[in-house]
Amino acid sequence: MSGQLLKRRAERSGPSDYEHLLAVKDIHLSFRGVRAIDGVSFHVDDGELFAIIGPNGAGKTSLFNSINQVYRPEEGDILWKGESIMGLKPNRTAELGIARTFQNIALYPHMTVLENILTGRHVRMTQGWLAGAMWWGKAKKEEIANREIVEEIIDFLEIEQWRKYPVGLLPYGIQKRVELGRALAMDPELLLLDEPVAGMNLEETEDMARFILDVRDELDIAIVLVEHDMGLVMDIADRVLVVDFGKPIATGKPAEVQQNPNVIKAYLGEELETA
Amino acid sequence: MRGRPLLHTSYVSDQAIFNSGTKKVLVGLFLLILALMPLGVIPGLKWAATNSWMRVFGEVAVLLIAALGLNILTGLAGQVSLGHAFFMGIGAYTAAILGGPEGPLWGLGLPIWVWLPAAGAVAALVGVVIAPTSLRVRGLYLAIVTLGLVFIGEHLFRNFDFITGGSQSGRTFPPLELKLWKEEAPIVSFQTDGSWFGIELSSQAKMFYLLVAFAIVASLLAKNIQRSRAGRAFQSIRDRDIAAEITGVDEFRYKTLAFAISSGYAGVAGALFAAFVSRTIPEAFGLPLSVEVIAIVLIGGAGIVSGMVLGSLFVIVLPLIVQNLTEWLSDLARSGEGIVQSIADFFVATGTFDFGLISSLPGSSPGLNVFQFNQVLYGLLIVGFIIFEPLGLYGIWVRIRNYWKGWPFTY
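The listed protein sequences derive, respectively, from chains H and A. So in the numbering used here, spot 83 of the first sequence is number 83, and the numbers just go up one at a time. So in the numbering used here, spot 194 of the second sequence is number 194, and the numbers just go up one at a time.
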């Protein structure tokens, strides 16, 4: 991991004056009476790898959408570094430093890998369209400087050979990696990963796990992970939150959560009382 | 061109617009042809120096500017708009009010450096007002809303006859000439024959040079917008709007910006178009003009600046080919013999009771007239390109290029 990315890590690591990086406080979200999220609270600290698990339809992705303010929870509060982000536009949450990858890849299929990751740099760039139209002075300098950062990310994710391919033509595993690259380009302090290894074989899963750990350890970016691959979650997560039908069931270290009877009930069902 | 032509040793050279030797040579050649064509010195292209062809190529340049604008809105930002002619009309009549000759109709007689930027700015402002609808309605629905604009525009233009002159006579537009202010003799006039640097040029050739210069500047700006921050934001909204928002692109802001830039281009193109034809009626800014611009974008290759050049050339020259072909066929149908005559007769209607696809007669007769036939042809070509080659003429060019790159191997 080279230059610019590490430099920004150093800039970030000062003493923090907030309690938690992200704190979700008792949020409720419903769609016409269907309670998607029903009183979930959790917090994520700097450099933590926090996992959210739960059966299908438990409300995990809705949680992510609430943090991004795509959905607006009716009750509760979401604090970013101690300040409420409720009611902000989604693009503002990106500016604050919350990056995201998606369950079903949401890259820009007609743009190349380079352009996709450069689009992630959008929030960290300042030049307006008119300066860009001239391709002059500051605007040109900024484009080139950001190209260098993007190249570092491409280097980090080992996707050099795909650099100039339109993303739509790439294999699934590579696309997932490009999406991680776009999120990293946003210079985030918190990364929301929505099923980063869904549909991957063992080898690809291990690659991705390595990238996730590298992001956390080398770049010092906190991560919230939604994932169905229990092996992965139990191996790499620091803490786990289990949700079911929008309600939190358990929070704790992976080993504790595994033993929790409520969790076992949610995943495996109850034993029938046979007389 | 030794060593590895695609080896770049700096990001600046890799990110350049013309980042390969082939591109530089091709573009250089193209510019050279453009510069020499009006002088009639290129063997084989002498016909292009005639006044009628210079006029055609001037129109190509103007519509290229309009298409570059629509390409930013539709090709990059993905917002389908049928209202481009409306914005062109706004630009044209803004230019007319500011730069038109003083007389019974509104006209202040100001010079080109006032009316041309103003035409772009006013059209862009109107675009900003229209833009919020694109947040509410998407895809086909937006197309219908913008289609409505064209009809509202045509109605307004027809009724504001103190500006537009109404549909009977139309009005004269500001001349293409450079003045400092309202003095009598212009510094440079593009609408009178005369000599430049000792070379005798017709007014058509002069206008051709002026319009091509504008078109080159417009193309470079469009390409730069496309490859910089705003262009990527447009494309991200086109491809995945929600993901774009979550990765930090302000959807409202960039949709508005796309509308503003696009209609600004349309305004400038409309003003130049009106000045170029010098006298026109409000109906000139109706649906057929919109269709023509959309045809350029889709046939050239949506989202690709060089595709717009190919597209505008193709779409403007096509009707002339059809017209010449019709004349040639009707000659054959009248005086040819045997099977050639009957094939020609099948395509062309030469008499009132002679049925054929295209009519070469003035007035109403069976078959389509040349204009109608061209509209049908545009439609068929748009449908054909969308189904078979979504990247348009540019896509065909890429395929040919890739074939020869690997030749004689298949890949």
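Warning: the hint list may mix true and false statements.
Beta-carbon label-pair distances, calculated as ranges [what the hints assert, rightly or not]: (1) H/LEU268 - A/TYR11: 50 to 60 Å; (2) H/LEU96 - A/ARG4: 36 to 46 Å; (3) H/THR126 - A/VAL41: 43 to 53 Å.
Every beta carbon over 10 Å from chain H, so not counted as near; a handful from chain A, in silico [unchecked claim]: (4) GLN235; (5) ALA243; (6) PHE409.
Derived by calculation from the structure, the hints in this document are not laboratory data. Quantities reported herein were computed from a predicted structural model and do not represent experimental measurements. Glycine residues also receive a C-beta, built at the ideal position from the N, C-alpha and C atoms.
Hint check:
1. H/LEU268 - A/TYR11: 50 to 60 Å: Holds, since H/LEU268 and A/TYR11 (Cβ atoms, about 54 Å apart) stay within the stated range.
2. H/LEU96 - A/ARG4: 36 to 46 Å: For H/LEU96 and A/ARG4 the Cβ distance comes to about 44 Å; the hint holds.
3. H/THR126 - A/VAL41: 43 to 53 Å: Cβ of H/THR126 to Cβ of A/VAL41: about 49 Å, so the range 43 to 53 Å holds.
4. GLN235: violated, 6 Å
5. ALA243: violated, 4 Å
6. PHE409: Label holds. Min Cβ-Cβ 21 Å, cutoff 10 Å.
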